[in-house]
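Participant: With the sequences and hints as input, model every part of the structure.
There are 4 protein chains.
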Amino acid sequence: MAKQDPIKSPTARGLAPLALQYSSSIEYDTALYPFDIAASIAHARMLGRQNIISSDDAKKIERGLTEIEKEIESGEFAWREEFEDIHLNIEVRLREKIGSAGGRLHTARSRNDQVATGMRLFVLSVCGALTEQLTALQDALLGVAESNIDVVMPGYTHLQRGQPVLLAHHLLAYFEMFERDAHRIHGTFERTSELPLGAGALAGVPYPIDRESVAEELGFDRISANSIDAVSDRDFIIDLHTSAAVLMMHISRLAEEIVLWSSEEFGFIRLPEEFATGSSIMPQKRNPDIAELARGRTGRVYGNLMATLTMMKALPLSYNRDLQEDKRPLFDTVSNLMSTLEVLTAMLPALEFDAARMEAAASEGYALATDLADSLVRKGLPFRDAHQAVADLVLYAQSQQKALGDLALDEYRRFSPLFDKDALSIDVHSSIAARDVPGGTAPVRVAEALKLARERLKGDA
Amino acid sequence: MAKQDPIKSPTARGLAPLALQYSSSIEYDTALYPFDIAASIAHARMLGRQNIISSDDAKKIERGLTEIEKEIESGEFAWREEFEDIHLNIEVRLREKIGSAGGRLHTARSRNDQVATGMRLFVLSVCGALTEQLTALQDALLGVAESNIDVVMPGYTHLQRGQPVLLAHHLLAYFEMFERDAHRIHGTFERTSELPLGAGALAGVPYPIDRESVAEELGFDRISANSIDAVSDRDFIIDLHTSAAVLMMHISRLAEEIVLWSSEEFGFIRLPEEFATGSSIMPQKRNPDIAELARGRTGRVYGNLMATLTMMKALPLSYNRDLQEDKRPLFDTVSNLMSTLEVLTAMLPALEFDAARMEAAASEGYALATDLADSLVRKGLPFRDAHQAVADLVLYAQSQQKALGDLALDEYRRFSPLFDKDALSIDVHSSIAARDVPGGTAPVRVAEALKLARERLKGDA
Amino acid sequence: MAKQDPIKSPTARGLAPLALQYSSSIEYDTALYPFDIAASIAHARMLGRQNIISSDDAKKIERGLTEIEKEIESGEFAWREEFEDIHLNIEVRLREKIGSAGGRLHTARSRNDQVATGMRLFVLSVCGALTEQLTALQDALLGVAESNIDVVMPGYTHLQRGQPVLLAHHLLAYFEMFERDAHRIHGTFERTSELPLGAGALAGVPYPIDRESVAEELGFDRISANSIDAVSDRDFIIDLHTSAAVLMMHISRLAEEIVLWSSEEFGFIRLPEEFATGSSIMPQKRNPDIAELARGRTGRVYGNLMATLTMMKALPLSYNRDLQEDKRPLFDTVSNLMSTLEVLTAMLPALEFDAARMEAAASEGYALATDLADSLVRKGLPFRDAHQAVADLVLYAQSQQKALGDLALDEYRRFSPLFDKDALSIDVHSSIAARDVPGGTAPVRVAEALKLARERLKGDA
Amino acid sequence: MAKQDPIKSPTARGLAPLALQYSSSIEYDTALYPFDIAASIAHARMLGRQNIISSDDAKKIERGLTEIEKEIESGEFAWREEFEDIHLNIEVRLREKIGSAGGRLHTARSRNDQVATGMRLFVLSVCGALTEQLTALQDALLGVAESNIDVVMPGYTHLQRGQPVLLAHHLLAYFEMFERDAHRIHGTFERTSELPLGAGALAGVPYPIDRESVAEELGFDRISANSIDAVSDRDFIIDLHTSAAVLMMHISRLAEEIVLWSSEEFGFIRLPEEFATGSSIMPQKRNPDIAELARGRTGRVYGNLMATLTMMKALPLSYNRDLQEDKRPLFDTVSNLMSTLEVLTAMLPALEFDAARMEAAASEGYALATDLADSLVRKGLPFRDAHQAVADLVLYAQSQQKALGDLALDEYRRFSPLFDKDALSIDVHSSIAARDVPGGTAPVRVAEALKLARERLKGDA
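Protein chains in written order, with my numbering: chain A, 6 to 466; chain B, 6 to 466; chain C, 6 to 466; chain D, 6 to 466.
Some clues are possibly wrong.
As the list claims (entries may be wrong) - The list that follows gives simulated cross-link-like pairs (lysine-lysine, DSSO-like), each with its CA atoms no further than 27 Å apart:
# : chain 1 : residue 1 : chain 2 : residue 2
1 : D       : 384       : C       : 102
2 : B       : 384       : A       : 384
3 : B       : 102       : A       : 384
4 : C       : 332       : A       : 332
5 : A       : 64        : B       : 384
6 : D       : 102       : C       : 384
7 : B       : 332       : D       : 332
8 : C       : 64        : D       : 332
9 : D       : 64        : C       : 384
Claimed, not checked - The calculated label-pair distances, taken between Cβ atoms and stated as ranges, are:
#  : chain 1 : residue 1 : chain 2 : residue 2 : range
10 : C       : 269       : B       : 289       : 18 to 26 Å
11 : C       : 464       : B       : 279       : 46 to 54 Å
12 : C       : 152       : B       : 369       : 23 to 31 Å
By construction, these hints were calculated from the structure, which means they are not laboratory data.
Ideal placement from N, C-alpha and C gives every residue a C-beta, glycine not left out.
Facilitator: And the structure:
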């Protein structure tokens, strides 16, 4: 249609080009279009239903916005820098398309509640996508645990070998972390699911609007209770950042272990070629770049949290333009996190474990000393005395350059008369089997835990 | 009793004094004593019930620990640096008091699950105390709103006066923030309420323990599902830090407003002498030090969050000594937050508002322009056209150096024929009353919101 | 030329598409091209000079790279995603253009020292640009101070009016902050100006290279002293982040004051239309969006510092792929900072100060009480006693609802016999003039300070 | 002397107990006493010299303060909570001791410039102590390198073995990092060394003071140029935090390597008993707790930086009470850093390296492949072609399950006719020796680097 009279930004019209560029967000906020359009359509329908605008105008607006959405999706929409953000770009285009009816869309709302609504819809959508991808990662993790159900490895404290455990048990520790992450994301979702539209600039609007029906149409759980809070609040974005930061922290621990385990020194895993870089000259090399990058990106996710907390510090109510700076850190964290979850979900099932080497590592040294001590305790020796007896035994074995398994029973008995044949039968498998408590590494417990985890995933999915 | 044989730290005995000092936490972890003792008593009772130790030993342990708790409370307990933390100090004292039975307390547990249990009990206790203090702050806030129910003030955007609002409405925005904070603390509580005891060093323990009964006795909602996760996890501490960071951010906004409002330029509040510092020479001065300090302490609460996230980054499983560094940032944040909540709760009711000055500020200038535009929209003019008409009107008034209320009707009508006598009756009170939507600032809505807030508080309390 | 045989990434050839995408930096690292090319040319020339490659090959390489630089500048260069970063894209193109000689460019270097060299050249270039822009901002600041040399305003502590000062004196406080920023950036420059090339992958290279000549050609002050450090180190990037964080902190303080001063309550400045947004309906409005955005972006600059510190935490030597994550936070901070400096440099000279209102604010109340006390001290009264006398006087004046200037001499003398006619002549101008010490606000001192600042700027420029 | 009239805090007298407690810093700021007293003595002397107070009063003040310092050092000084900070405690005690002369000390200064002066003296003192301790750590590092000059180890990238290096070369990488840290601390010192005293509350003072002489007496390089900046600025504290954060980051990398190297998998070092904790039951265990704690404390040092940056964000000029929150994070970082440097300085010389195991690790696998390729390049093959030939060779060797050293010459020549006997003589020692470039790992270069490092240390000391 004809561009009869040039439309200008109502707020930015006099800005120097440098200032317009500095304050414009159109370079990065276009990702919000589906949310902005959905919210505008719901708003227009409500205005029509409430007779605040004519039902005819409401229909025109809805049709116009639907067409604009298609223009954006097809790539033919021309974003214009002079209209500083996505919201104004869409509104201007609407007025070009449908004329004065377009000028009625902004009745009973302001940029402040409009922007807050778009951001909340975005975060709700992200919570859904993250939960889904996290479930896929948990599913992959369980698959690895199930396929390697018999693999034994050393459990570590201080990066020193402690007690033998099942690899599946170790992996289930990450399953638990991700469960908590899902719980945290769910809390974020709950707090986000609140419609700000209707708050106007800050005080509410002087029109007989029906906020509940808009909330329902857009899928919000409830409407915001206070108009000033509605336009001032960005807690929901910080909530997403904190959920993301803890999740990335968990991933950084898993990534660290993948790096360690793929070193020549550990040799626990061989990385699949599809997820390792080589060296131009040492083609056998399998560098754990993906894990390193995931670990490194933890920094950015932490940084984005700090950026947003800092931005919010000591802002007086209600809306301040500082709030525009909520977007880039959020988009960066979301894309970082989603891509990291995806690539790990693809990589985990392709890891090859060297079960023999892992079990050997679990058997070496004096890792079974606690089992020996526990056997004495079960025969009545106080815990601290049993520990002392075994400590002396270990020092003796070490002086003889023998493993505990190489000692004869009478050598054992020099340190406690309570030792008997049972002592000789202690090995990694008996040690693991003995930890038969809820949450313990005994095979029967791990099998139960895997089953339960599968059930939890189904419930989540 | 006689100190027959010197007991040494089982793990730190050979440490150089410098290294012992560097690794000791006894200087700051004694605050954990009630939690450590409660957990040990519950553990000993269970060991007795399960016949892992004799019921006689279990009773001796319980009696000994109860006495030790009294010694600590009365200040006669002598903390010893050579026993590097509170847990060992208590255990050593127990062995001094009850002899070999004391050596059985550590059966079927390790320092790793013991420490995790103590920290979780501490955080659960903190969640309770914070929630209570937050409720008290909300109660104070509601009191201020109720006592000043008729006070009108300018609502601000960009720290520019926007639309008039009720002070009570403005304060209710903070009530909403604190509601979300309570929700966040509750989520922290839920994720914390999981008993790690029984995880042993990392793999579970080889004794027929009954974890569920210990959980029940200590008030945990459930037992941890994976022993490796149980000793590696500090999410619950980060959760508390994130809850605290967002809460302090809210407080920093309130503090900023108190600073602004008590400036000579705003002049909205006069600080009570009990909560302001003066100047040695200008005794009439009322510096808002408390608000400034609260605002400044936001930094420390953010910093402690970042400290803990950094500490956890890329740690391989399971327990690493780095985790000891979870304590000081946590204690610092808790004491910062509790004292800040307390002092604000006491200060808020003592603020004196200058209602006349606040209403005057809300009336000056062209703050009612949007109300004029809305009156045209309601008469059928498209939103954007109405805005244009009023914008021209404002420019005209400004050129005449008149307020809008000083213009005659025919001056109005030069800019739109739709203006009628209604335009002349617009004032701050009609403007406020017009925002009669859920969440809006109309007195009837604010009264409802206050009532609802009172009900919510009662439900929370 | 013909693309005879398809060249593949030597390190990433087997990567799954998802993994390639995850690890690729080509999307954002192309900004490094001038630095990468300059370093490669210097390297090739040196290889030629040292007869490590033929001088003919060296010339071919130089010519090829020069052409590639033009292709990039003209926009005809086709970046290819399958070559994961800018370095490989350029090398591949070189081999397409000049054949096997291109395969000799990478002699005696590795991606590790190449990347470190490019990043250092980038940071050196940024230090230069920042210093220049900072000088421009300081110049603008001095201009404002000089044009408003007679403007008096209240100096604030606790956002309460303290003593009167010259606006120029207040602005010079920012000049000093920016001087320190320049010093910090200079320290960053010094530590960055160290050539890593020659470190190879990590251990040095087995060729008779001449590192000093490469350093000289590229403008580095010296060569790195240790090859492992050379490829592991990113301190220079953190140095830039810390310089940026402190500079943005300063800017956030200035921005805060612009926001305060342009509020109706302060009314000290009127923002130029070119640097303020209006309201669609209140065209007289001048929202301080630029200052708010600058204040808000402080968060991102802090966050990027934290991101990079976190990334580096606990990385073992030498190169780890995590280091690739140094780029995006750096680029984000640089563009944030440069644009902020630019927009402020343009905005400051356009601020309109309301001198009358500022002086009135400085005169109101009891701001001159300290001057009265100092007059008593100069007559021999101990400081603390003088303060007490004036404090009593102020309370008396307040009870009479009078300003100090409205009191008669005998009223003064009720509080101290030392008061004489001098007391009646104290006003903002005498108060300001009395602070005639180095660094004080007396006009003569401020004039000197302005002159000195101009000289310092010339020295810096 | 008699406590004739009770002295009250001039600013905090009316505070509610809760508010006094909240705003008091006396609990933690007493460490500043030597700096506060030194500054007060220098101030009093100058006041006497300038005849602002009588020389008799000046002498009384100096004598009184000297006595107070002794009271504090001997522990007999009674800190009183009702005087909220160290500065007032000392001033009150002075007035008790010397009467009205004590009331003249505060002439021509205010708490604002006094506090800033004390903090700067503290930071200058910390810079000195840190530099000294850092030199001691570097000395220890060089000692370890020198004592293990022949030890060979794998150089790592991606935690994969890359090329063999000397352990001494690896350790020298840390020497370089610490050199940069010293440079950063020096920059902090330079920017800190500026006397704020004379700025008064904010505007300068109306007395003929001689600031230069006070600066000289206290050892400052210069006086501050602007009184408002002087009381508003805390850059010097942030500078210390950033220096500390980068230094702790370096330490976290060293700590990570100590943890890795002392794992059973690496087995490169055995920790001295004095710096390792054991297990009650596995007395042979050597847990790297000191390294883990150092790594973990990195978090707190980062967090304190973030705390202080956050505190300063967007504070208007000049002094605000928020600034009091500069102290605790600073003290925490300083004690963290000093103790970490001390314990590492003591621990490093006691590490036992397993040279045989390290060299074996450097020899295994295909770590010498790049040396082979470089030998081909030196015979004229383009770099990329040489890499391809060796890559094929490595794959062949791997398929034969042979090390490169196990292949016969004709097997080599299948992949390039340029291979000759030289290929067979490549081993870790020839590889290391070949990297004979400045900064490279060749023994002759490392020996030079050690010598140079020793000289640099002497220059620094």
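Participant: Each of the hints needs a verdict: does it hold here or not?
Facilitator: Hint by hint, here is what the structure shows:
no.: 1; hint: D:384 with C:102; result: holds, 24 Å
no.: 2; hint: B:384 with A:384; result: violated, 93 Å
no.: 3; hint: B:102 with A:384; result: holds, 24 Å
no.: 4; hint: C:332 with A:332; result: holds, 20 Å
no.: 5; hint: A:64 with B:384; result: holds, 20 Å
no.: 6; hint: D:102 with C:384; result: holds, 24 Å
no.: 7; hint: B:332 with D:332; result: holds, 20 Å
no.: 8; hint: C:64 with D:332; result: violated, 60 Å
no.: 9; hint: D:64 with C:384; result: holds, 20 Å
no.: 10; hint: C:269 with B:289: 18 to 26 Å; result: holds, 25 Å
no.: 11; hint: C:464 with B:279: 46 to 54 Å; result: holds, 53 Å
no.: 12; hint: C:152 with B:369: 23 to 31 Å; result: holds, 30 Å
In the structure shown, a violation is registered for the earlier hints numbered 2 and 8, in ascending order.
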